[in-house]
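A.B. asks: Following the hints, position chains R, F and U against chain X.
Protein chains: 4
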Amino acid sequence: MTRATRYKIGSGFAPFSPCAERFVVGGYRDPMSLEQQIGLATRVEGLRGVGLDYPYQFGDGDIERVRRLLSASGFEFCTLEIGLYPDRKWKLGTFTAPDPGIRREAIEMCKRGLEVAADLGAADVLLWPGQDGFDYPFQVDYDECWRALVEGIGEVAAHRPEVKVAIEYKPKEPRANIFVRNAGTLLYLINSIGLPNVGATIDFGHSLVAGENAAEAAVLLAREGKLFQVHVNDNYRDWDHDLIVGAVSLWETVEFCYWILKSGYEGWYVIDVYPYREDGLAALQQCVRNWEKVLDMAGTLTRTNIAEAMSNADAVSSVRTLWDTLLP
Amino acid sequence: MTRATRYKIGSGFAPFSPCAERFVVGGYRDPMSLEQQIGLATRVEGLRGVGLDYPYQFGDGDIERVRRLLSASGFEFCTLEIGLYPDRKWKLGTFTAPDPGIRREAIEMCKRGLEVAADLGAADVLLWPGQDGFDYPFQVDYDECWRALVEGIGEVAAHRPEVKVAIEYKPKEPRANIFVRNAGTLLYLINSIGLPNVGATIDFGHSLVAGENAAEAAVLLAREGKLFQVHVNDNYRDWDHDLIVGAVSLWETVEFCYWILKSGYEGWYVIDVYPYREDGLAALQQCVRNWEKVLDMAGTLTRTNIAEAMSNADAVSSVRTLWDTLLP
Amino acid sequence: MTRATRYKIGSGFAPFSPCAERFVVGGYRDPMSLEQQIGLATRVEGLRGVGLDYPYQFGDGDIERVRRLLSASGFEFCTLEIGLYPDRKWKLGTFTAPDPGIRREAIEMCKRGLEVAADLGAADVLLWPGQDGFDYPFQVDYDECWRALVEGIGEVAAHRPEVKVAIEYKPKEPRANIFVRNAGTLLYLINSIGLPNVGATIDFGHSLVAGENAAEAAVLLAREGKLFQVHVNDNYRDWDHDLIVGAVSLWETVEFCYWILKSGYEGWYVIDVYPYREDGLAALQQCVRNWEKVLDMAGTLTRTNIAEAMSNADAVSSVRTLWDTLLP
Amino acid sequence: MTRATRYKIGSGFAPFSPCAERFVVGGYRDPMSLEQQIGLATRVEGLRGVGLDYPYQFGDGDIERVRRLLSASGFEFCTLEIGLYPDRKWKLGTFTAPDPGIRREAIEMCKRGLEVAADLGAADVLLWPGQDGFDYPFQVDYDECWRALVEGIGEVAAHRPEVKVAIEYKPKEPRANIFVRNAGTLLYLINSIGLPNVGATIDFGHSLVAGENAAEAAVLLAREGKLFQVHVNDNYRDWDHDLIVGAVSLWETVEFCYWILKSGYEGWYVIDVYPYREDGLAALQQCVRNWEKVLDMAGTLTRTNIAEAMSNADAVSSVRTLWDTLLP
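Residue numbers (the working numbering), protein chains in the order written: chain X, 1 to 328; chain R, 329 to 656; chain F, 657 to 984; chain U, 985 to 1312.
Next comes chain X alone, as it looks inside the complex:
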């Protein structure tokens, strides 16, 4: 049994989690079991896949349980994220932690994660080294940290060459500065590692916060054959608020989608939102509906003159096409 959906849309379970933050440490809703979360997810029309964090959402003892839950629900396993951030032991970094024991522990956790992903048939492994960074000027030795970052992820990826490793970039949070902060820096990292199974996750909101145009960033990654995974959400460019898809940045969301389609991307679209105060189910459903509509709008644009306008850098013509076509 698989779920019949128009598109390869997946999600993690943040919408069904407490969504605690530093000011409401008890969270905005009560925690649920994995079974409850998957049960809610099955009510989301258009959702085909789920992503889970290893080892923090499920550990080595939960593998058969997860296999059964996925099978029973009909969800595909769109990505296995490795828990590089949720534990305080990673507070000064994982691959770049000052303590070599911590670095080793992170690497071994990741290697094991690749094995689990292969075992469970996850489409890829998501690595977001969000604790690898710094908060202060003069806090870290940039040269040493970058050496460790390249070596550490390289060792992980070499462990299972058949498993795709999709590294996600983000400029800040939880660190005031994260090393892998934008698409260009990530391309530098991927190039330095130099392994075919190492690629990129682009998160629309992270790209906005990184001061990029997300469509351009996706094109750069795709040019190198490294666009492995796509996350969708929204914000005001100031912070990774993880808002409902298209709630703020309509045109850039459509443009992002247009160029991803044009690149020939065949992977997953992973909804990555934090509906702190909203009903999680309603928020996630709205995200799926909006992203489906965005995919349709991007398709519609391919049947207009917008490609010609872009080849002439004719902004007025592009704006006119968008408004005439999509806001009739």
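Be aware that a few hints might be false.
As the list claims (entries may be wrong) - Within a straight-line C-alpha distance of at most 30 Å, the following computed BS3-like cross-link-like pairs (lysine-lysine) qualify:
1. Lys664(F) x Lys918(F)
2. Lys747(F) x Lys590(R)
3. Lys8(X) x Lys111(X)
4. Lys664(F) x Lys949(F)
5. Lys664(F) x Lys767(F)
6. Lys992(U) x Lys1246(U)
7. Lys111(X) x Lys91(X)
8. Lys1073(U) x Lys1095(U)
9. Lys590(R) x Lys621(R)
10. Lys1277(U) x Lys992(U)
11. Lys419(R) x Lys91(X)
12. Lys91(X) x Lys1246(U)
13. Lys949(F) x Lys293(X)
14. Lys419(R) x Lys745(F)
15. Lys262(X) x Lys8(X)
16. Lys262(X) x Lys1075(U)
17. Lys262(X) x Lys293(X)
18. Lys336(R) x Lys621(R)
19. Lys8(X) x Lys293(X)
20. Lys747(F) x Lys1246(U)
21. Lys992(U) x Lys1095(U)
22. Lys1246(U) x Lys1277(U)
23. Lys621(R) x Lys1277(U)
24. Lys767(F) x Lys745(F)
Quick caveat, the hints were computed from the structure, so don't treat them as lab data. Since this is a predicted model, take the numbers as computed values, not measurements.
C.D. replies: Frame of chain X; chains R, F and U shown alone:
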């Protein structure tokens, strides 16, 4: 017994708290009792006061306990903060919540907080309506929310005219947008309320994030006799990272201090930092030392020609004076 | 003869000007005469008014010429802007310049501007004190500058109480910091001046750069009866790029319009864009068309349940309404 | 005759130029001849080199004149910048212009620039493709533009393999988005071109605006042997204000210098400031003095325990060292 310090410097207990955030919900350190926290605080040289949150750090049943702890430690009670944010029931606002029952509950909690502050001899009451805001375009009725904000805080402040109520502004977090977002907006709010015991808290870091010059913002508040409380910390202007005082923005920290001194401010300087990954005690001690040095540097500048340079808007001269005087 | 248009939409002549900037000091197109500019403007469908700068676009010797041009073209004079920025003599400020002679010169220019506006029947006078600010920490005496700002504009406005003076705020450019930086600060200034003919201009793009929600800012100004003039354009929140209306921030543009309509605003909508590289006529025409459509979309929303969603702070419902209604 | 200075510090002539911008198109001071500008520059103590723009500050007919001026003044020719931005013909780009004739013209201008640089003994050629970018979503074809960018610069650099070509990145201005926006993206470009004489210019202020830590960015470039040229100035992270060195971001300026020294960099430090309202000579002199002091402070830090603190990611210790050592 009181603590002998050079300046009226206080702090809350975030440095001795878990400092949980959305990615590390278990926090970066274990929780402590109030007794343990105060015990640690007594080891900070130069710290004279402490601030506590009512009713979340202590409730109505803890008043005598707090009185004894303060007395035994020698700390003054520099501010009583009212817990307008830590509970999920405030998720859609306190004074501006859509539910009138929640609004009433918030107002009554605040009134009671004013009574407790008076009882315990707190220098003032801190109100930070951080949940009063919105995350999405078209989420709220701005006109109704502002009416409720003015009326709600007005009712609270009128309850105990002898207690100073210091409203703190911040542009965002935990909401993507907070109504009381910058100094000008706060002055508008204070003016709309129109009560003598209602004034402002300026937080250096919040002011940076609000896109202001913090010294100018302090001057505007002081011009109206409304500079009630001052918070110090630092960040990169992008977010309220609550970093160690002066770790990033040296010149603006000194300028902020210079103008506060010049305004004749006689209140508290409250350290407001979140040392997620640092030793809390060491971080707080460094903040106190740095702020003491900033006060000294600001004093030194009054004995230079910098006032004359400013009266001529002569930036080169000001820069030269700063570098020659403070970086010998 | 007047121009038949659906809405009170006006514009200045930046789209027909060289649009020079610091890197292309010769401008992106050749300069034109006022006659040529008005001639082009008459070709813009839907444009009803024009705004002109006194004394830099026309001086005391050009008044009859301007009267004839306006009459012949059918344009209404939607606003007379006073030239507080284009001359290097204002480099350290106008009302707040260190030199009292410069301050006096600025005040007298403004007074004369009010007279000219009354003579020519301009709807109001636009004051944008963009040179009044600072570039460096410790550059200016904030207290003195604010005193001068309040007094200077007060003297100007008192000169002709029947002429509306609409002060425009903006956080930066050409100064790194402008005193009148956001809506709250402007309300503080207006309140300090305390004259009925002194009010506000809100520029959508300036509000975005100020870190505000522009709709909320408009509501605050309108609550005090001070929403005198409205400018429309767009940007990425990072800088006043003066892009084509709705080219980036669709939802917030619609929300801005929705609340302005709801406030009962009956004034002008002034297009304020800088099409450096685009055909000026085409860009301005597209702005007018887009703003007309935004007005229509805002009207459509009043016939949905969105007001109810907002009274419940129900963001998911608002997003659903926007997408279902406006993106069919 | 050469100028005796402690460090290899150079500058362009913006401080002696009108510094026009879009609001003061006539500039803040009168233009000067090259002779006058060099004459003023000779009065700046500590300045050893000058940079000039070809062909806009001097053209093919001025080469012997420039040779004589440099020789007579004793200045070294620290960089020849190629004029990729000042002419309106580049408004839609140089290497990425939609018009192939414009692209060809840009490439040929650059090739000739390399020849001139070699002839005049410039240390390197500076390429800042500031017009290559976009202002609107859906304005350009990212894939085509990037292909053209790589090919165009590649052709230029291959023309004279012995001339170093130092590409400068900046996220915005004059375009709302510039393709070569940050250090990571520039590394991707350099790697795609794949020629040994192609490297990077890092501008401290551009790096701040790009949301990077400038020291880290310099380390990344230096790791690849691509740190060819260094620009110094300052801003508030929001825009390339080109303020006096160290006027805002003291600690990060020192950190930037510390890591550049540590990388073994032996090139020029080019002051790149726009003192719109200041005396150009005084402003430039202050920049040189401040950067000399920054070099000294960075040197001092190498004799502290700060390297050890960084190897432990111990932020409190680093802050303490900075304050104790540099703010005695």
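A.B. asks: Please go over all the hints and tell whether each is borne out by the structure.
C.D. replies: We went through each hint and held it up to the structure:
Between Lys664(F) and Lys918(F) the alpha-carbon distance is near 16 Å, which keeps this suggested pair within the 30 Å criterion. Annotation: proposed proximity of Lys747(F) to Lys590(R) holds, straight-line Cα distance about 27 Å (limit 30 Å). Between the alpha carbons of Lys8(X) and Lys111(X) the distance comes to roughly 27 Å, so the proposed pair stays at or under 30 Å and holds. Distance check on the hinted pair: Lys664(F) and Lys949(F) sit about 14 Å apart at the alpha-carbon level, within 30 Å; holds.
Taking the CA atoms of Lys664(F) and Lys767(F), the gap is near 27 Å; set against the 30 Å cutoff, the hint holds. Distance check on the hinted pair: Lys992(U) and Lys1246(U) sit about 16 Å apart at the alpha-carbon level, within 30 Å; holds. Under the criterion of a C-alpha separation no larger than 30 Å, the hint pairing Lys111(X) with Lys91(X) is consistent with the structure, at around 20 Å. Between the alpha carbons of Lys1073(U) and Lys1095(U) the distance comes to roughly 18 Å, so the proposed pair stays at or under 30 Å and holds.
Straight-line distance between C-alpha atoms of Lys590(R) and Lys621(R) comes to about 17 Å, which keeps the hinted pair within the 30 Å bound. Restraint check: the Cα-Cα separation between Lys1277(U) and Lys992(U) comes to about 14 Å, which is no more than 30 Å; the hinted pair holds. Our distance criterion of 30 Å between C-alpha atoms is met by Lys419(R) and Lys91(X), whose separation comes to about 28 Å. For a cut-off of 30 Å, the pair hint linking Lys91(X) to Lys1246(U) stands: about 27 Å separates their Cα positions.
Only pairs whose Cα atoms come within 30 Å are accepted, and Lys949(F) paired with Lys293(X) is accepted, the gap being roughly 21 Å. Between Lys419(R) and Lys745(F) the alpha-carbon distance is near 52 Å, which puts this suggested pair outside the 30 Å criterion. Proposed proximity of Lys262(X) and Lys8(X) is supported: the alpha carbons are some 16 Å apart, at most 30 Å. Restraint check: the Cα-Cα separation between Lys262(X) and Lys1075(U) comes to about 27 Å, which is no more than 30 Å; the hinted pair holds.
Using a Cα cut-off of 30 Å, the hinted pair Lys262(X) and Lys293(X) holds, with the two alpha carbons roughly 17 Å apart. Between Lys336(R) and Lys621(R) the alpha-carbon distance is near 14 Å, which keeps this suggested pair within the 30 Å criterion. Only pairs whose Cα atoms come within 30 Å are accepted, and Lys8(X) paired with Lys293(X) is accepted, the gap being roughly 14 Å. Between Lys747(F) and Lys1246(U), the direct Cα distance comes to roughly 41 Å. Violation of the 30 Å bound is thereby established for this hinted pair.
For the suggested pair Lys992(U) and Lys1095(U), the alpha carbons sit about 27 Å apart, so the restraint of at most 30 Å is met. For a cut-off of 30 Å, the pair hint linking Lys1246(U) to Lys1277(U) stands: about 17 Å separates their Cα positions. For the hint linking Lys621(R) to Lys1277(U), the alpha-carbon distance of about 21 Å falls within 30 Å, and the restraint holds. A threshold of 30 Å between alpha carbons decides the hint, and for Lys767(F) with Lys745(F) the separation of about 18 Å falls inside it, so the pair holds.
When held up to the earlier numbered hints, the structure conflicts with 14, 20 and fits the remainder.
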